[in-house]
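A.B. asks: Using the numbering used here, read the sequence shown as starting at -2 and increasing by one per residue.
Worth flagging that the hints you see were computed from the coordinates, not collected in a lab. None of these values were measured; they are calculated from a predicted model. What you were told as hints is all true, and nothing was included just to trick you.
In silico lysine to aspartate or glutamate, EDC-like type, Cα no more than 20 Å apart, as pairs:
no., residue 1, residue 2
1, Lys179, Asp249
2, Lys170, Glu293
3, Lys170, Glu291
4, Lys175, Asp236
5, Lys175, Glu247
6, Lys170, Asp234
7, Lys175, Asp245
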Amino acid sequence: MTESLVNRCRSLPAGSTLCILGAGFSGRRLAALAEALNIRVLTTSRNPDPESRDLRFDTAQNLIPTDAELDGVTHLLSTIPPGRDQNDPVLRTLGPQLRQLPLRWAGYLSTTGVYGNTEGAWVSEADPPQPGQDRSRRRLVCEQEWMNSGLPVQILRLPGIYGPGRSPLAAVKAGSLKPVHKPGQVFCRVHVDDIAAACLHLMHCSAAGQHPPVVNLCDHEPAPSHVMQRHAADLLDCDLPETRNYTDAEADMSAMARSFWAENRRVSNDLLCKTLGYTMVHPNFRSGLAHCLEAERLMGNPTQSSSG
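With the hints as constraints, model all of the structure from the sequences given.
C.D. replies: Set out below in structure tokens:
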């Protein structure tokens, strides 16, 4: 956790406890930031390492934390995806316990995919969701469950997430990345540090009476994937294969990859940044990739997966 990120964030009031349900890539980043700010943090895992402090939480087996383990939780973030039955597994298994907690803020990580395809037009929180993909329709169902839960919920809609260990850098370096261009197509993104810092910012906003029910959490600059990939290659001083047209590349894509390319939208972060006063840590992919490269060199670890 960089000192600059910690210094720009404020701790929660004394006596606060943050619980992160499903501490994966984004959840772990928030947990690390909160701990650096001396906030008491609880995290959950389906299969906790015996040496970790994670609480056991497996919705498929109805294994849930006890009332004693959750005692005193004041802030909550759920990163857990929809269940196969399309309902939210957290509320199904843990809902009654959550309603007994002294919660001041409860965040739910959703997806900007609920806006559907806008042919590249801008969307904001004021636009009605029109999900086109089944996974996005399931997310919208879960959003509605959280909004109807009676908890102090804030829905955070995220686009593609990247950060150290999850960026195009490794694929570029390995020579396995094949850039694709589809005219007019852009993708929105957010760096994992902004997820962590914005969550804390929104907790403080909520305490001050600013609590919009839905907030888009993305950077300022939607951009084509091949532009980000070319920049990654420039940072690494690596060559990339020639960019292929989407029409030529589509046949080689998986159904999941084609579904991502089937939607094109620009997501506005004006509510987060202009109304609620958040300043992006990484306002665009250039800043974010530079940070990824520096962090990975310090860790001595290459990235393990690519993100457009």
